[in-house]
Each structure stands twice: as structure tokens, then as C-alpha cells.
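Quick note, the sequences are listed as chains A and B, same order.
Going by my numbering, the letters in the first sequence line up with residues 1 to 150, in that order.
Going by my numbering, the letters in the second sequence line up with residues 1 to 419, in that order.
Any given hint could turn out to be false.
Unchecked claim - Below, in silico cross-link-like pairs of lysine-lysine (DSS-like), each with a Cα-Cα straight-line distance of 27 Å or less:
no.	chain 1	residue 1	chain 2	residue 2
1	A	17	A	112
2	A	17	A	79
3	B	77	A	17
4	A	17	B	153
5	B	153	B	276
FYI, nobody ran anything at the bench for these hints, they're computed from the structure.
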Amino acid sequence: MNDLRDLYQEVILDHNKSPHNYREMADPSRMALGHNPLCGDRLRLYIRLDGDRIADVAFQGSGCAISKASASLMTDAVKGKTLEEAEALYGKFHDLLTGPPDVKATGAGLGKLAVFSGVREFPARVKCATLAWHTLESALKNAPEVAKTE
Amino acid sequence: MKATAETLVPGVDPALDVEKIRAQFPILRQTVHGKRLVYLDNANTTQKPRAVIDADRVYYEETNANIHRGTHFLSEKATAEYEGARAKVARFLGARAPKEVVFTRGTTEAINLVAAGFATSILKEGDEILVTGLEHHSNIVPWQLACGRTGAKLVVVPITDSGEVPVEEFAKRLSDRTKIAAVSHVSNALGTVDPVEEFIRLARARNVPVLVDGAQAAPHVPIDVAALGCDFYAVSGHKMYGPTGIGALYGTEAWLEKLPPYQGGGDMISSVTFEKTTYNELPWKFEAGTANIAGGIGFGVAADWLTEVGLPAVAAHEHGLLVRATEALSAIEGLRVVGTAPRKAAVVSFLLGDVHPHDIGTILDGEGIAIRTGQHCAQPVMDRYGIGATARASFGVYNTEEEVDALAAALKKVQEVFA
């Protein structure tokens, strides 16, 4: 099969074990819940905005290694970014995951997020990797409902 | 932990030639990701034996025509085969007559048919519908829809830590307001075999009809609806080695006469004028539109196939697999079996340390092993245990002890990846 090591890269396993920014935030300016009803993953995302800049971001919840590591790496990646920059990053990340499986993903401009390039070989797992980003989008739009990957 | 001890059909030796059975399932010969396929997702759907696959092909090659409305040779042949299949399913379930068997798309549609009928003609505000905490979403949501239409209320019998529904808890919740009890025979998420005989006895004493969701029981234990005394029994063909998109609702003649039609259309009527329509007799009153004819015929073949293999032998064989799997998996450090009732079908739902079931599923798939991970369409069961999901291995007639061992070995690999 597609090599499992492409999916479960060391960085992903590390972030799954010790996720960054995994905490409650006392005074978030935005908060959103993410839920994948298929596998039961749940995520609570907190954001503190400073103007149009993401001053701080944190999350809590339960999920698979892919979704947890994705949330962890996402929070690292968007912290300090403007909303526009975060949106652009999501666009690139989405392309990385949903590009054609026969084209090797480059992950250009994604930094550490490029470790998720293997996910495109596992279509069933794409939603795991995007749950945190869907939730981020929902928080930034301040949509009160639970973000879903469906 | 102690392995599940009670066989579902006591006193039967596993006289089942599993290799001979495997040879009848073409799909089992394939490799997945370079590994021999180990299919342990049978509670989700079962694979199909050659006889069922051939029935589908032969129907379209030699018989295809619409039923109940032709004067030509093929139409009569198709009708005879379809109604013959109904008789086979009726015999399989122990129904008194084929007219007590309505073909549906599956268990879900069968339950929806009953729930919609109750909403139309039975339920009133303040009435109660009794379900258990083990139900599949398909035995919850149709009743919630009925409650929404009528103001009736869903009453839930809670489950224990082992995943059982105590008979006394069921008894306690039966009331003068209870209009129907809808209970699973076997839990899809945990494998628990419910004491439906007791539930039915208690409900009958209060004149409360009982619907049994038999989707997970029919492929594993002998079913006799007349002996059970239930009012409705719902099954799915695809979980019984038959085709997808076909299932059956058994209902007593009295209840099926009483309930209004589920859908309107062709085939379910005797006469139609713009002033008045007279419905067809049982069971066709509930079968609007052209049916899944090939599916029905294949379902009949699957029912006969299961009877020929022998449900008591199937139950004994699968019990052996359950005992071995429970022992082998429980021996893995950090593995917790969820659902430890003494009476279980061959289903092992489990958690492995901190590893999320989704990750377990992906890594097992890499070893050619198919299991299900997630909520199993039973979110209330997961909520009861305060967990988001489990990994679930569910066994069927063609599974072997070697496959149980392959599962245990692959789970150790999962642990290595996440060490």
C-alpha cells in the first residue's frame, strides 16, 4: 500500500503525542467547535485577535493523530499571522491535501505543514487533516454553529 | 479479563467447514495492499457467496421483467421468483405466512415504515415510545421523527457498564402511555445480545407491541419470530450475505392490516379513481413502485444459503472466534474491550491506549485487515462510555482463527507505530 510512513511522519507522531498550544484560553475573542460526525472527533478552538492579526490561538479536544497533529501545527503556523495570511495558508494547505494523488506534492510555502503531503494518498483521512482548519474558518467568520467536515 | 462465556446456541459443535465456505466467496481471494484480505467488518456489511452473486446475474440474463403486472412469460417468471423469495425469507424468520413479510430497502426503511405508520394512526401527544440505550441511529431517529409529528415522547432504557440492558430497567419504564417498544436484538456497536424474549413477555403483558431490530441478529443466531412473539422484526439482506438495498419487515397480519400504507404509488393499490383509492392486500399494500426485484431474489437465495450452512453451526463457529478474539485482544497491554456482556455476538469493540480508532483502522488496513472505526451509527452508546469512537472487529461465518491471530499481531504493530 501507500507507505504508512508517508502518512504517519515523525513530526505528526510527535505533535500527536505532545500537541502545541493545547490549552484552554481564558479570554478568547473568538471560539469555535469542530466536529467530525463520522469518527466522533471534537475540537474546541480559541483565538485572540489583535486588530486583524491572530495574537494567540489554542485548542482542546479529542481526535486521531492526523487531526490532532494538524490542529497543533496549524496553531503554530497561524499564530502572529493576519487573517488574510491565514486564509492564504489554508488555501495552500487545502491544495496540498486534495491535489491529484499521482502528482507528488511539493508543499511549497507551507513550511512544517508540508508533512501532511502524504494524506492525499489516503482520501478517507483528508477530513481528519482539515477539521482544525474548518474550525478556524468558522471561528474567524464568527459563525456560532459547530464546524463540520461533512 | 474473562472471555465471553455463553454460547448463543448451547450444545452445538462447530461442525462448520470454514475452508469450504470461504471457497464460495470470490472476494476473499484477493489481496489488499499486497496482503491477504482479512475481512472483519461483517457487522457493517457481509461479503456475498457465489450463489447470491449468480442469482443477480442470472436474473438479469434470463428473467428480467416487471412483476405483478405482466401477462407475458418473463413477467410471470420474475413474479414467481420474487414471491418465492418472499416465502424463503418468511421461512427463514419463522413467519406464519409470506404475507407477513414486506420487502423494504433494509432495516432502516422497515423501522421507518412502522414509525411513520404509528405517527399517522396510533401516536398521540403524551404517548411514549420505549427504546434502549444500545440502539443504532436507525432505531432512534425514525421514532424521534414520529415524536416530532405527534408530541409523543422517547423513553430510553439505560445500559450498564458492561453494555447490557437490565430487564428490570426495561420493566420499570413500561407504562400505560407506552405505545410501542423498539429494541435491538443484537447491538451493532458492542455485540450485546439483548434479552428480547423477556422484553416481549413484559410488553405483551401490558399489550404493548414490540419491534425488534434484528439487523445484527439474523446472520448469527436462528430467528423464530412466531416463537419470540414480537409484533415486528426488521432485517437487512446485506448483513445476511445477501445484496444491498433489500431487507424485510416482518409484521403480524393484525398489525400490518392496521397500519396505513407507507408510500403511495403503483403496485400498492387495488383500484384508483380520483375520488377514492383502495389499497392492495398484504404485503403489497406497503410496496409502492417497482421493487428491487433482483435484490429480493438474491435475498431469498442468501436466506436459504444461511439455513443450509446452519445457523446453530454458524453461531457456534462465531462464538469460538469471539472467545479467541476476546482473549487475544485482552492480552494486549493497554487494550480495553468496550462491551463485556456475557451474551454477545461475535463483535469486539475496543480501544487501544491513546491511539485513536481512526489511526488503528488505517494501520490495520495497511496489513490487509478491514475493521470499522468510529461511532458505528450509535453515538448514544459512545456517549454512555464517554468516548468518541471505538475500533470494532466483527466476525462472520467465513472468518478463521488465523484471522483473529492476524488481527492481534497487527494491533501490536499499531502499538509500535505509536510507541
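Hint check: residue 17 of chain A vs residue 153 of chain B, CA-CA at most 27 Å. Holds or violated?
Not OK: residue 17 of chain A and residue 153 of chain B at ~44 Å, beyond 27 Å, violated.
Sort out whether residue 276 of chain B lies within 27 Å of residue 153 of chain B, counting only the CA atoms.
The given pair, whose Cα atoms are some 34 Å apart, is violated under the 27 Å limit.
Quickly compare the C-alpha distance for residue 77 of chain B and residue 17 of chain A to 27 Å and report which way the hint goes.
63 Å, violated
Against the 27 Å threshold, does the CA-CA distance of residue 17 of chain A and residue 112 of chain A hold or violate the hint?
At roughly 17 Å apart (the allowed maximum being 27 Å), residue 112 of chain A and residue 17 of chain A satisfy the hint.
Please verify whether residue 17 of chain A and residue 79 of chain A have alpha carbons no more than 27 Å apart.
Distance of about 21 Å is within 27 Å: holds.
Hints 3, 4 and 5 from the earlier list are contradicted by this structure; the remaining hints agree with it.
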